[in-house]
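Protein chains: 2
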Amino acid sequence: MRDLCVIGLGLIGGSLLRAATQTGRTAWGATESSADADAARTDGFDIEPAVEAALRRAAERDAMVVLAVPLTAAESVLRTVAELAPHCLLTDVTSVKQPIAELAARIAPQSTFVGGHPMAGTTRSGWQAGDAQLFAKAAWVVCVDEDTDLTSWAEVATLAIDVGAEVVPTSSELHDEAVARISHLPHLLAAVLAHVGAEDGPLPLSLAAGSFSDGTRVAATRPELTRAMAEGNRAALLPVLDSALGMLGAARGALASTGSLGATINAGYEATRARATQAGSPRSPVRVDLTAADAPEALLALGAQGGRITELSDDVAVGALPMLDDDHGQQ
Amino acid sequence: MRDLCVIGLGLIGGSLLRAATQTGRTAWGATESSADADAARTDGFDIEPAVEAALRRAAERDAMVVLAVPLTAAESVLRTVAELAPHCLLTDVTSVKQPIAELAARIAPQSTFVGGHPMAGTTRSGWQAGDAQLFAKAAWVVCVDEDTDLTSWAEVATLAIDVGAEVVPTSSELHDEAVARISHLPHLLAAVLAHVGAEDGPLPLSLAAGSFSDGTRVAATRPELTRAMAEGNRAALLPVLDSALGMLGAARGALASTGSLGATINAGYEATRARATQAGSPRSPVRVDLTAADAPEALLALGAQGGRITELSDDVAVGALPMLDDDHGQQ
Numbered sequence: 001m002r003d004l005c006v007i008g009l010g011l012i013g014g015s016l017l018r019a020a021t022q023t024g025r026t027a028w029g030a031t032e033s034s035a036d037a038d039a040a041r042t043d044g045f046d047i048e049p050a051v052e053a054a055l056r057r058a059a060e061r062d063a064m065v066v067l068a069v070p071l072t073a074a075e076s077v078l079r080t081v082a083e084l085a086p087h088c089l090l091t092d093v094t095s096v097k098q099p100i101a102e103l104a105a106r107i108a109p110q111s112t113f114v115g116g117h118p119m120a121g122t123t124r125s126g127w128q129a130g131d132a133q134l135f136a137k138a139a140w141v142v143c144v145d146e147d148t149d150l151t152s153w154a155e156v157a158t159l160a161i162d163v164g165a166e167v168v169p170t171s172s173e174l175h176d177e178a179v180a181r182i183s184h185l186p187h188l189l190a191a192v193l194a195h196v197g198a199e200d201g202p203l204p205l206s207l208a209a210g211s212f213s214d215g216t217r218v219a220a221t222r223p224e225l226t227r228a229m230a231e232g233n234r235a236a237l238l239p240v241l242d243s244a245l246g247m248l249g250a251a252r253g254a255l256a257s258t259g260s261l262g263a264t265i266n267a268g269y270e271a272t273r274a275r276a277t278q279a280g281s282p283r284s285p286v287r288v289d290l291t292a293a294d295a296p297e298a299l300l301a302l303g304a305q306g307g308r309i310t311e312l313s314d315d316v317a318v319g320a321l322p323m324l325d326d327d328h329g330q331q
Numbered sequence: 001m002r003d004l005c006v007i008g009l010g011l012i013g014g015s016l017l018r019a020a021t022q023t024g025r026t027a028w029g030a031t032e033s034s035a036d037a038d039a040a041r042t043d044g045f046d047i048e049p050a051v052e053a054a055l056r057r058a059a060e061r062d063a064m065v066v067l068a069v070p071l072t073a074a075e076s077v078l079r080t081v082a083e084l085a086p087h088c089l090l091t092d093v094t095s096v097k098q099p100i101a102e103l104a105a106r107i108a109p110q111s112t113f114v115g116g117h118p119m120a121g122t123t124r125s126g127w128q129a130g131d132a133q134l135f136a137k138a139a140w141v142v143c144v145d146e147d148t149d150l151t152s153w154a155e156v157a158t159l160a161i162d163v164g165a166e167v168v169p170t171s172s173e174l175h176d177e178a179v180a181r182i183s184h185l186p187h188l189l190a191a192v193l194a195h196v197g198a199e200d201g202p203l204p205l206s207l208a209a210g211s212f213s214d215g216t217r218v219a220a221t222r223p224e225l226t227r228a229m230a231e232g233n234r235a236a237l238l239p240v241l242d243s244a245l246g247m248l249g250a251a252r253g254a255l256a257s258t259g260s261l262g263a264t265i266n267a268g269y270e271a272t273r274a275r276a277t278q279a280g281s282p283r284s285p286v287r288v289d290l291t292a293a294d295a296p297e298a299l300l301a302l303g304a305q306g307g308r309i310t311e312l313s314d315d316v317a318v319g320a321l322p323m324l325d326d327d328h329g330q331q
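Protein chains in written order, with full-length UniProt numbering: chain A, 1 to 331; chain B, 1 to 331.
Don't read these hints as lab results, they were simulated from the structure.
Among these hints, one or two may not hold up.
[To be verified] So the derived list for chain B, only partly shown, Cβ under 10 angstroms to chain A, looks like this:
1) R106
2) I107
3) P186
4) H187
5) G215
6) E270
Glycine included, each C-beta is placed from N, C-alpha and C at the ideal position.
Isolated chain A (complex conformation) (with noise of 0.2 angstroms):
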């Protein structure tokens, strides 16, 4: 099992070197954050006392190095990655898979990369909000590209595998369309009612329940890390403001001239009902093999239908498959 090499313990990074040491794996981390390092350390992992010396002792281990720092600060390690590391086998956790791609390709183009993105968070952040669990039946992308080896996939599959995730194979691209829609959207959403609720002083606040406090509790992450994820996710998330401008705007104009609100709100309805479907429905096994001609089809086909990989063993990923019917999960 290789070693590994974590740069930023943040709550991603800081959980990620939590639950990989737990696994027994040998692991060690680095952050330019020197109140993360002294936490972390005191915690009593293994910290290194800069990102150079990690990634010095992460090129003579040979181990595998994953990026966990922002999107705006992935640029800068990346360089230190091409200097002192430039070979070793590279991943990431960042919110957008294609931007960090095009990063990789172009500073870092020795390494071995396969971009990752494991589908968990709070809105605390930092060291301290990390927990070993983090993970636990998280979905995990682990991308699938044209240039991906296979082999290099299957072992990042494995560590995010090892924490407790399930791997969800897909290309940077589709996954970065689709955290557009699941994750930068409902963020913007929840900043936009966040401020039309306050706007007109005390009163509506103090009536606020749970469907406001719901419906903005994200609007309290840091803003320059949700800033970090969306403006790096603008191609992918402008045609998804749009679609939502488009409904939210119909809304308004069926209410100001019929009165209803059906459409909007039956559409919504119909769609919590798919994803209950999609979520609770039978799961059919799926076995890939990793080493047939066409296994990135079969892995992308998988993570298209909401498939997920929990095992991988022997050149051949395991995993599920929702049994949905046609209409399901595509209202």
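Following the hints, position chain B against chain A.
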């Protein structure tokens, strides 16, 4: 203490009947739903065989009548009230206040009407979803309008406090504007998010985690309930929808032109801080003498500043105000 007659035994009516009975008040209910009536009777509550019988008993006992039916059913129940219990003290728990006040004045002009709205709910409905603890610490709007009789207002406010709620005095108009912001807009944004998340097949839903689940939770509410409350508040909801559309459109424009979502995301973040400040601020005690000439204005000022009333006795309302700087809650 006046007896209580609750018409409608869904989530709110059923919870109120349970809570009022628990405080020792003589209380009975009735509903058009034989399933809810049977369940309530099985649970040991005093359920009349029909709405008419419940209202005749209210007239005999000069009870307080609570309309706990959806807005769409209010007109029909009010006609029965006007026929069988025309002089009773009447309140309601409907989520819009101006339309109900107008209906009551038109259909049951001999009754003394005081509008009410407990800000408590779940996505579940029906008798089985009810809970005597539903109103604990919840805001319960009791309306102070131009024609409100303060003695009757105090009786309704006492009922709300008796079942654990805190009373927010405000006008029907300001109530409707406030709930458009903090309840009806969240329901519409949840519907939009749920639909946009599901419109591209199973992959995005397979990756959906906390931000999407929180942002879509209330889209699972029965569509006819959401429609009744949002469509019934059309006049107040339209300008709030325009605010949200304007802000989301500005975010779209900024992302497309400059690549920045800073204005949107920072405004959302600042608003969550304003709300936390308001919720967590020290309270200053307030007393309102309900016999004073300016009592209505004093009550409205208390509500406008985010205050709540927690005690009523001897014509004095005792409450507390958050101590806010001028900037707080006014973002």
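Hints versus structure:
Look at B/R106: its Cβ only gets to about 19 angstroms from chain A, farther than 10 angstroms, so that hint breaks. Proximity of B/I107 to chain A is violated relative to the hint, the smallest CB-CB distance being about 21 angstroms (cut-off 10 angstroms). Contact between B/P186 and chain A, as hinted, is supported at the beta carbon level, the nearest pair being about 4 angstroms apart and thus within 10 angstroms. A hinted interface residue such as B/H187 counts as satisfied when its beta carbon comes closer than 10 angstroms to some beta carbon of chain A; here the least separation is about 6 angstroms, so the hint holds.
Look at B/G215: its Cβ gets to within about 4 angstroms of chain A, closer than 10 angstroms, so that hint holds up. Because the beta carbon of B/E270 sits about 8 angstroms from the nearest beta carbon in chain A, less than 10 angstroms, this interface hint is met.
Of the hints listed earlier, those the structure fails to meet are numbers 1, 2, in rising order.
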